[in-house]
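Engineer: Each chain is listed here by its residues.
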Amino acid sequence: EPEVTQTPSHQVTQMGQEVILRCVPISNHLYFYWYRQILGQKVEFLVSFYNNEISEKSEIFDDQFSVERPDGSNFTLKIRSTKLEDSAMYFCASSDGLAGSWNEQFFGPGTRLTVL
Amino acid sequence: AQSVTQPDIHITVSEGASLELRCNYSYGATPYLFWYVQSPGQGLQLLLKYFSGDTLVQGIKGFEAEFKRSQSSFNLRKPSVHWSDAAEYFCAVALNKLVFGAGTILRVKS
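Those sequence lines, one after another, are chains W and X. Just so you know, we're using this note's numbering here: the first sequence kicks off at 25 and counts up by one. Just so you know, we're using this note's numbering here: the second sequence kicks off at 8 and counts up by one.
Since the hints were derived computationally from the structure, they do not count as laboratory data. Ideal Cβ positions, reconstructed from N, Cα and C, are used throughout, including at glycine. The reader is advised that the hints may include incorrect statements.
Unchecked claim - A few chain X residues that face chain W, going by a derived Cβ cut-off under 10 Å, partial list only: (1) Val-20; (2) Gln-45; (3) Gly-50; (4) Lys-56; (5) Lys-104; (6) Val-106; (7) Phe-107; (8) Gly-110.
Said to hold, decoys possible - Over the 10 Å line for every Cβ pair with chain X, so calculated as not near, a few chain W residues: (9) Val-28; (10) Thr-31; (11) Gly-40; (12) Glu-42; (13) Val-67; (14) Ser-72; (15) Asn-76; (16) Asp-95; (17) Glu-109.
As the list claims (entries may be wrong) - With a Cα cut of at most 20 Å, we get these calculated SDA-like pairs of lysine to any residue: (18) W:Lys-66 / X:Leu-53; (19) W:Lys-66 / X:Asn-31; (20) W:Lys-66 / X:Pro-47; (21) W:Lys-66 / X:Arg-114; (22) W:Lys-66 / X:Ala-93; (23) W:Lys-66 / X:Asn-103; (24) W:Lys-66 / X:Ala-8; (25) W:Lys-102 / W:Leu-140; (26) X:Lys-68 / X:Val-20; (27) W:Lys-107 / W:Ser-51; (28) W:Lys-81 / X:His-89; (29) W:Lys-102 / W:Arg-136; (30) W:Lys-66 / W:Leu-108; (31) W:Lys-66 / W:Ser-111; (32) X:Lys-116 / X:Gln-78; (33) X:Lys-68 / W:Glu-25; (34) X:Lys-75 / X:Thr-12; (35) W:Lys-66 / X:Gly-69; (36) W:Lys-107 / W:Arg-136; (37) X:Lys-68 / X:His-89; (38) W:Lys-66 / X:Tyr-34.
In isolation and in its complexed conformation, chain X is listed as follows (with noise of 0.2 Å):
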């Protein structure tokens, strides 16, 4: 069956710093691949997504993912984490419906 994981569920990270933030697939094609983020209380707000071409790919906020194939990794990376980047993100596969990961915190300290 198709899965996302997310393997941290919390990360920490200093304002300023660098960020990545781990994802793995498991399905049988390349399929279209999203990362979406959740500030408290909000709804679920696309950041990027992949479909083919580039494997690097720019999204708002300053984010930017990378599609590994050979690891069926979609990364999410950000050069300097600021405080408002503190949220839930998650990673999504599209299959007709989007099948998310777990999730993964993010702290921003200062």
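So that you can see chain W by itself, here it is in the shape it has in the complex (with noise of 0.2 Å):
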């Protein structure tokens, strides 16, 4: 069954450092997201994307965050200069359609951030 990866599970990382987090989507869907859930805290959204740019972010995807889809196959999310506040886990998924519709979105399984 296709699934949704991310790499690496786990970066710890200094406070100002830039990190990039990988995702490899489910190989035929269109539509992109990320979201990060601080520990104990709700899942967020972050940014949804397709067609090669932005659909929508929410204001916690402020300068500090970019999205790219460098190739084919990866979807990454850039933090700049990271600060001790973007510590959480971070999730990202794929649809073959957009949210608000009836398509599924996949999750992967995470990458946990530690900026230390």
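Using the hints, build the complex out of the two chains.
Structural biologist: The following block contains the structure:
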């Protein structure tokens, strides 16, 4: 069964460093998403991406964040200068249609980011 | 603003007992509603979803949920809980993106 994969599973970084979180969505999907879950809190939407551009972003997704689909398979989230409060589990998801329709989003296992 | 409320942070049930996890949403129209489950160290797995039609929807692992428009609720139920059901459960509303509730942690005691 196809699945969304994410690497690394755990990333530890120093405050101020850049990190890139990687995701491989399901191959025939067209819509890609990043969510994050700070420990003990709810899962929050960060950004959606379609046709090589951002469709929607939350207020969390400020200038420190960027997303890219550098090739036909990967979807990355970059945090330019990490802050302590960026420590969270980051989930990638993909779907073959918009979440506002009937299409299911498939989630990856997540990358736990720890900023020291 | 659209929101999803899961009023129970933790629930503990005995194995074999029935389960109901509550979810209320705030939205101007009937949204697309989902329940996801997250086991420790795992991603989010879809249990079931509601779009329209029959207000009682069946999902995987023996779960079902009932949409009640008058109560703006979409409660998740299971008639007999198994120890493997211990996990965190999230209700979500789809509005071009998923808006999640805070989650309910289910503990199962033997």
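Engineer: Each hint: holds or not?
Structural biologist: Hint by hint, here is what the structure shows:
no.	hint	verdict
1	Val-20	violated (22 Å)
2	Gln-45	holds (8 Å)
3	Gly-50	holds (4 Å)
4	Lys-56	holds (7 Å)
5	Lys-104	holds (4 Å)
6	Val-106	holds (7 Å)
7	Phe-107	holds (4 Å)
8	Gly-110	holds (6 Å)
9	Val-28	violated (7 Å)
10	Thr-31	holds (13 Å)
11	Gly-40	holds (28 Å)
12	Glu-42	holds (25 Å)
13	Val-67	violated (4 Å)
14	Ser-72	violated (6 Å)
15	Asn-76	holds (18 Å)
16	Asp-95	holds (23 Å)
17	Glu-109	holds (18 Å)
18	W:Lys-66 / X:Leu-53	holds (16 Å)
19	W:Lys-66 / X:Asn-31	holds (15 Å)
20	W:Lys-66 / X:Pro-47	holds (15 Å)
21	W:Lys-66 / X:Arg-114	holds (18 Å)
22	W:Lys-66 / X:Ala-93	holds (18 Å)
23	W:Lys-66 / X:Asn-103	holds (18 Å)
24	W:Lys-66 / X:Ala-8	holds (16 Å)
25	W:Lys-102 / W:Leu-140	holds (17 Å)
26	X:Lys-68 / X:Val-20	holds (17 Å)
27	W:Lys-107 / W:Ser-51	violated (32 Å)
28	W:Lys-81 / X:His-89	violated (38 Å)
29	W:Lys-102 / W:Arg-136	holds (14 Å)
30	W:Lys-66 / W:Leu-108	holds (18 Å)
31	W:Lys-66 / W:Ser-111	holds (14 Å)
32	X:Lys-116 / X:Gln-78	violated (31 Å)
33	X:Lys-68 / W:Glu-25	holds (17 Å)
34	X:Lys-75 / X:Thr-12	holds (15 Å)
35	W:Lys-66 / X:Gly-69	violated (25 Å)
36	W:Lys-107 / W:Arg-136	holds (14 Å)
37	X:Lys-68 / X:His-89	holds (10 Å)
38	W:Lys-66 / X:Tyr-34	holds (18 Å)
Checked against the numbered hints listed earlier, the structure breaks hints 1, 9, 13, 14, 27, 28, 32, 35; every other hint is satisfied.
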